[in-house]
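Participant: Read off the chains here:
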Amino acid sequence: MDLGRPLADLIPGPRGQLLATLAQLETPVTVRALARYAAVAPQTALNLVNDLADAGIVSAERAGSAQLISLNRAHLLAEPLISLARTRARLIQRLTGELAAWPHLAGAWLFGSAARGTGDRGSDVDLLLVADASTQTAQWAGATAQLADHVLSWTGNQAQLVEHTRSSFAQLVGSDNPMVAAVRAEGIALTPHSRSLLRRAA
Amino acid sequence: MSPRPAGRRSPCTVADARARLHDAEAFLDAAETAKDPDVIATNAIHSAIAAADAVCCVALRERSADGNHPSAIQLLGRVDVGLSAALKRALDRKTQAAYESRDISAGDANMCLRQATILLDAARDRVLAI
Numbered sequence: 412m413d414l415g416r417p418l419a420d421l422i423p424g425p426r427g428q429l430l431a432t433l434a435q436l437e438t439p440v441t442v443r444a445l446a447r448y449a450a451v452a453p454q455t456a457l458n459l460v461n462d463l464a465d466a467g468i469v470s471a472e473r474a475g476s477a478q479l480i481s482l483n484r485a486h487l488l489a490e491p492l493i494s495l496a497r498t499r500a501r502l503i504q505r506l507t508g509e510l511a512a513w514p515h516l517a518g519a520w521l522f523g524s525a526a527r528g529t530g531d532r533g534s535d536v537d538l539l540l541v542a543d544a545s546t547q548t549a550q551w552a553g554a555t556a557q558l559a560d561h562v563l564s565w566t567g568n569q570a571q572l573v574e575h576t577r578s579s580f581a582q583l584v585g586s587d588n589p590m591v592a593a594v595r596a597e598g599i600a601l602t603p604h605s606r607s608l609l610r611r612a613a
Numbered sequence: 028m029s030p031r032p033a034g035r036r037s038p039c040t041v042a043d044a045r046a047r048l049h050d051a052e053a054f055l056d057a058a059e060t061a062k063d064p065d066v067i068a069t070n071a072i073h074s075a076i077a078a079a080d081a082v083c084c085v086a087l088r089e090r091s092a093d094g095n096h097p098s099a100i101q102l103l104g105r106v107d108v109g110l111s112a113a114l115k116r117a118l119d120r121k122t123q124a125a126y127e128s129r130d131i132s133a134g135d136a137n138m139c140l141r142q143a144t145i146l147l148d149a150a151r152d153r154v155l156a157i
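These protein sequence lines map, in sequence, to chains P and G. My numbering applies: residue 412 is where the first sequence begins, and numbers increase by one. My numbering applies: residue 28 is where the second sequence begins, and numbers increase by one.
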């Protein structure tokens with residue numbers, strides 16, 4: 412899956428970029444502004460907007476000499492479109508749901524390009540997992556293998572798991588490790604106690 | 028279409044939205060670890076403001092830029108009236124928490140935390156969609 416632009420896997424090219432942007436925006440904008448936000452050429456945006464307006468998916472209203480465009484949120488296709496645009500949020504929900512059942516997990520974060528929203532099809536899903544005690548148990552090994560399988564099955568992307576115990580994680584935090592800096596800057600906490608674990612380890 | 032709100036606004040990008048979400052999380056983190064109600068409330072209110080900026084950056088591609096609270100609340104109301112009500116409830120405590128000698132109550136500090144959490148969840152949801 413294109414982790415930065417999941418909609419592009421289903422609707423590639425400018426049409427997908429434009430639709431993803433329309434799903435984010437909650438105010439009407441000019442075609443020129445829409446083109447800029449979606450990183451699409453203005454003429455391409457205009458052609459696509461006209462086509463989408465024919466299908467009733469976008470609404471157009473006049474404001475002076477300008478035409479303001481917005482997603483027609485009453486359209487039957489708007490709801491699935493918005494849902495598709497929130498694919499990354501659903502990935503995080505699934506990860507959070509799966510990790511909630513782990514008995515000996517002290518903390519977990521999504522970090523790297525998947526957390527930043529800048530990944531692509533070739534990007535790994537980077538996960539930092541901190542175990543309460545040992546990472547050398549059969550139960551832990553089974554759970555991490557299953558998690559990696561699930562991530563691959565959900566996204567088509569490999570999971571890159573970084574595993575630590577509480578004590579090795581504390582050493583990492585104390586040594587100003589760049590991965591910890593990345594987790595602090597852009598990591599998405601996947602368990603309720605992850606943020607307090609990072610705080611206490613500092 | 029709703030009328031354009033008063034107050035100075037500045038354009039912002041999805042990168043700004045991510046940065047303001049990060050600010051909101053850091054302020055909420057500071058609020059949750061503080062003991063003094065004034066400190067809890069002040070950090071929670073900063074978190075609420077940053078989260079509101081993140082929401083506006085994604086949904087409107089602009090944010091309030093002049094520290095004018097009513098215009099920030101009005102701008103957020105163009106996205107979601109429930110969120111603008113949460114921001115208003117938090118901002119109503121700002122002066123007392125940050126500047127007055129009379130301490131804010133623990134109950135009001137917790138209320139600010141709740142509003143900040145509502146706004147942060149909404150900001151996270153929107154930023155994850157970009």
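Rather than coming from a laboratory, the hints here were simulated on the basis of the structure. Quick caveat: nothing in here was measured; it's all calculated off a predicted structure. Heads up, a few of these hints could be off.
[Unchecked claim] Simulated coverage check for chain P against chain G, where a stretch passes if three residues somewhere in it have a Cβ under 8 angstroms from a Cβ of chain G:
#1 437-445
#2 496-503
[Unchecked claim] Chain G is faced by these chain P residues, among others (derived, beta-carbon under 10 angstroms):
#3 548
#4 596
#5 597
Note that the Cβ used here is the ideal one computed from N, Cα and C, for glycine as well.
Participant: Which of the numbered hints above does this structure break?
Facilitator: 3
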